[in-house]
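S.K.: Starting from two chains that each stand alone, build the complex the way the hints lay out.
Residue numbers (the numbering used here), protein chains in the order written: chain A, 1 to 192; chain B, 193 to 379.
Hints should not be assumed to be uniformly reliable.
Pairs of lysine to aspartate or glutamate, EDC-like flavour, derived with a Cα cap of 20 angstroms [unchecked claim]:
{"hint": "1", "chain 1": "B", "residue 1": "K359", "chain 2": "A", "residue 2": "D52"}
{"hint": "2", "chain 1": "B", "residue 1": "K238", "chain 2": "B", "residue 2": "D312"}
{"hint": "3", "chain 1": "B", "residue 1": "K274", "chain 2": "B", "residue 2": "D312"}
{"hint": "4", "chain 1": "B", "residue 1": "K359", "chain 2": "A", "residue 2": "E129"}
{"hint": "5", "chain 1": "B", "residue 1": "K274", "chain 2": "B", "residue 2": "E320"}
Keep in mind the hints are simulated off the structure, nothing from the lab.
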Amino acid sequence: MRLLLGTLFTLFVAAAVGLGATYFALTRGAAFGALRIGAWTAWPKTGTLDADPYARAAIARNGTLPVALGDGVSFSAATDDAGRLLDGRCDVEVEGITPAARFWTLTLYSAGGELVANSVHRHGFTSEEIVRRSDGSFAVTVGPRAASGNWLPTGGIERYQLALRFYDTAVGVSTKAGREVPMPSVITRSCP
Amino acid sequence: MIRWLLLLLGGVLLGGIVHIATVIILPRTATQDAYSRLSAIAPVNKVTPLPEPAPGTALMPLMDPAMAVAVCRYDLSQGALKLSVPVSPAYTSVSFYTRTDVAYYAINDRAAGRRVIELDLMTQAQHEQIPEEENVTAADRLIVESPTATGLIAIRALAPEPGLMPKAAAAVGAATCTPAQQASADR
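Same shape as in the complex, but just chain B (with noise of 0.2 angstroms):
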């Protein structure tokens, strides 16, 4: 009796160890996870305007309805990335996430504080190879690093009314992403 009581609590403590090691493996190996959803329909580091959510055909559960919602599935290895977005009437953020899907900045119309948010998104080592004197002649560049060299860039603009989802779908469909060096050769 003894003998099996024990065999039970060796069994219930490594069954913590499993539900542990199942909680941190799981975003590593998830197929249905947000980024791979998109993967499918998203080219990289290009903006793709998301279909409106509706009964039985929204591409994410949990999709706000009022929000027009675009990504940009980036790659940063082959280098920096520009981001710009046109501010639409009402409400507009931009939020950054990693391969897993985790947010890690977020800004809005109001915080960008202009007509157009522009970004600069690089890799910690990419921004640490920025010369000094290049980084305090564009103080007004907005340099976001990011953890990881994939991930998400998710823009929305809110609809008050749905009325003005055109418009908003109209201002997040506007913006771009390309890779900085393209950028500047198109100069």
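Here chain A stands alone, though its shape is the one from the complex (with noise of 0.2 angstroms):
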């Protein structure tokens, strides 16, 4: 009897250790090789054949298709960068420069990774179409309430993620955070 129940508890606790700790790792993004610049992360090793096995896991389980190393690089930013929730109740300002790319594109996506829908149909900006100083950088306003210049709405839900990719970039593996890669800023202005 002791036995049976020794086995059974061992079994229990090794089925809770293996699969939270699965779970955890491929809801966190736990892959390694991560890139972190301020708010922004990306996993440039995710798009090539050395992905670990973590990565490949965490493709499988969420249907994306990565953005391939020779095509770009995605950052993705889940929170500002005082390590703040990004709420889409709140005014959140994107602002700064980005690293050399041909193209980049930033898009905002609900927390599962769908586009949120709003009433002027906007998405995201890409490099052609967003207003810039005279200097060369820019701010994106991301909120629920029509802003001036770029304005990115939330549709007001909760929590959101952005996510910023260049494409045609000399920003890969070997990056690292630093001077050479210049990520604009993410700053919750005003709360409700």
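M.R.: Here you go:
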């Protein structure tokens, strides 16, 4: 009886620990080789055959086609620079300059990776359509209410994520965070 | 007490093995991965333009709405494949994915350096069977080796502004992927 109980206990612990760890690893993005710059994170290696088992499992689970490294690199942000989760009811400013790339796109997704419905049918900006200042930098206001300049509507959803994709760029596996990759800042300006 | 602690320790160690095993097995058993999602709408060895992602109806999560996308789900077991992609005005790229959606190669219009990106896709075994001299005469032929017999080719074209989406969609829609034998028989 004691042996049976002990075995069951051990197996239960094993299942809980093993499956729990797998779930957390895949939902929190635990792949190796993350490139973190401010609020932005990219996994350049995920777009290559060198993708580690965690990256492969995450790709299979999420059902995405990752951006291949020869194509570009994709950064995502789920928090602002202060580490606060992005809230669709607040006004968040994405401001600054980007690393060199032929094109880039900024897109807003729900936490699950879906586009968010809004009245003006805007889901993001490309580097061509964004309005810049005279020094080449730009500012995008991400918020629920229309704003002047570049306005990216959140549709008022609670949690969202931003994806900043660079196409035909030198940013890649060997990139180190630092001055060579100037990413725009993400700052929560005001919350109701 | 010590007995239960030992059992707990054993459970945690076993849990580590369960964790590693599930992570490794998951890509092979996933039924909602990109390849499976696309299998429903994309026939084999044919370019299929994907519908534009919209709120609630995106085929895959995290699709870039500024990109027109077409996919060719390929199967090389019957022979090599010829891929031809006309370049759109802004930016065009071709990415190759294995059966488990891992990208192994990508090329863009600038790297290809011409108006039409032309590629031959084959497995390593098929590449080795090509006679040497043919390899030389066809030096401008770009050959891509696929690590798996099946997989996906994603053809993407950027629409720098929404009004240019029809042009980008037309460019990716005009891409073709055909088995190499069929292509030479058509000539």
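S.K.: Looking back at the numbered hints, which does the structure fail to meet, lowest number first?
M.R.: Number 1 - this is the single hint that the structure violates.
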